[in-house]
Amino acid sequence: MSSLWEYANPKRFMQLSGSMLPWVSGLAALCLVVGLYWGFFLTPDDFRQGSTVKIIYLHVPSALMAINAWLMMLVTSIIWLVRRHHVSALAARAAAPVGATFTVIALATGAIWGQPMWGTWWVWDPRLTSFLILFLFYLGYIALWEAIEDPDTAADLTSVLCLVGSVFALLSRYAVLFWNQGLHQGATLSLDKEENISDVFYFPLLVSIAGFVLLFVALVLLRTRTEIRVRRLRALMARERMA
Amino acid sequence: MMPDLGRYAIEVISAYAVSLALIVVLVVISWRRAQVVRARLREVERRREADG
Numbered sequence: 166m167s168s169l170w171e172y173a174n175p176k177r178f179m180q181l182s183g184s185m186l187p188w189v190s191g192l193a194a195l196c197l198v199v200g201l202y203w204g205f206f207l208t209p210d211d212f213r214q215g216s217t218v219k220i221i222y223l224h225v226p227s228a229l230m231a232i233n234a235w236l237m238m239l240v241t242s243i244i245w246l247v248r249r250h251h252v253s254a255l256a257a258r259a260a261a262p263v264g265a266t267f268t269v270i271a272l273a274t275g276a277i278w279g280q281p282m283w284g285t286w287w288v289w290d291p292r293l294t295s296f297l298i299l300f301l302f303y304l305g306y307i308a309l310w311e312a313i314e315d316p317d318t319a320a321d322l323t324s325v326l327c328l329v330g331s332v333f334a335l336l337s338r339y340a341v342l343f344w345n346q347g348l349h350q351g352a353t354l355s356l357d358k359e360e361n362i363s364d365v366f367y368f369p370l371l372v373s374i375a376g377f378v379l380l381f382v383a384l385v386l387l388r389t390r391t392e393i394r395v396r397r398l399r400a401l402m403a404r405e406r407m408a
Numbered sequence: 205m206m207p208d209l210g211r212y213a214i215e216v217i218s219a220y221a222v223s224l225a226l227i228v229v230l231v232v233i234s235w236r237r238a239q240v241v242r243a244r245l246r247e248v249e250r251r252r253e254a255d256g
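In order, the protein sequence lines correspond to chains A and Y. Going by this note's numbering, the first residue of the first sequence is number 166, and it counts up by one from there. Going by this note's numbering, the first residue of the second sequence is number 205, and it counts up by one from there.
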């Protein structure tokens, strides 16, 4: 495990992320284009949901990443709290706007999909409500980083907020299992072949999910690199002022 | 060629339009900020080197 911690060194992280970023970005673009094109143009309508089933290629991957982005922030926040690695705190900060955008996409596509299928844009269903609260936590997290001037204090407080918000990240994933009520159905993907969606929808969905995951990784790498540079820029400018 | 989306065409197209627009905005903002910060850092580092 000692080799993993070497990348907590900003210089090592910049070297590794610099070489990874073009490949991850290219692969993300490829998977997104292929997944969304396949899903939109080449899949049939569902016998019950008609063409609205095509929204699945945006809704499911964005919802998945909205939750997993917060879980990634949880892991990096814990690393910050325990080991005080600055790169991990900056990675959590970098991931928040990406996760928040995916949450908005999941909420918006869910509402657009829900209107013709459920007859309503919104309902205070356990999964939808916990997802909305997760979005509010994202906003609070981003605002807290911006509001506190001292970066270490900001990292401490946002890490604690992240721990609290993780309850809602998990709830938004498992709310359907905890409370057997509401309009939202259970998991779309399942290892059980009987419960899983038909292969004709499943394979383009997998490619689209891969695209969203890679897009998230690419954006977090890019934004973390930017945060590291901002930190160095502030340090240099502070030295200039003191000189 | 555009597939026949039937009576749900507005819903499907608006879902794609909103999502892709948000993704493009996020990518552009992230990339632009990265460029601006990198240029600014280079400028400060060059100035420091020049000052010795």
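By construction, these hints were calculated from the structure, which means they are not laboratory data. Incorrect hints may have been included.
Heads up, incomplete: computed chain A residues facing chain Y, CB under 7 Å, no partners named [to be verified]:
| id | residue |
| --- | --- |
| 1 | Ile270 |
| 2 | Ala273 |
| 3 | Pro281 |
| 4 | Trp283 |
| 5 | Thr294 |
| 6 | Ser331 |
Looking from chain Y toward chain A, a few residues come up when the C-beta cut is under 7 Å (computed) [unchecked claim]:
| id | residue |
| --- | --- |
| 7 | Ala238 |
| 8 | Ala243 |
| 9 | Leu245 |
Just so we're clear, the structure is a prediction, and the values are computed from it rather than from any experiment. From the three backbone atoms N, C-alpha and C, an ideal C-beta is built for every residue, glycine too.
Outcome of the hint check:
no., hint, result
1, Ile270, "holds, 5 Å"
2, Ala273, "holds, 5 Å"
3, Pro281, "holds, 6 Å"
4, Trp283, "violated, 12 Å"
5, Thr294, "violated, 21 Å"
6, Ser331, "violated, 23 Å"
7, Ala238, "holds, 5 Å"
8, Ala243, "violated, 10 Å"
9, Leu245, "holds, 5 Å"
Consistency with the previously given hints fails for numbers 4, 5, 6 and 8, ordered from lowest to highest.
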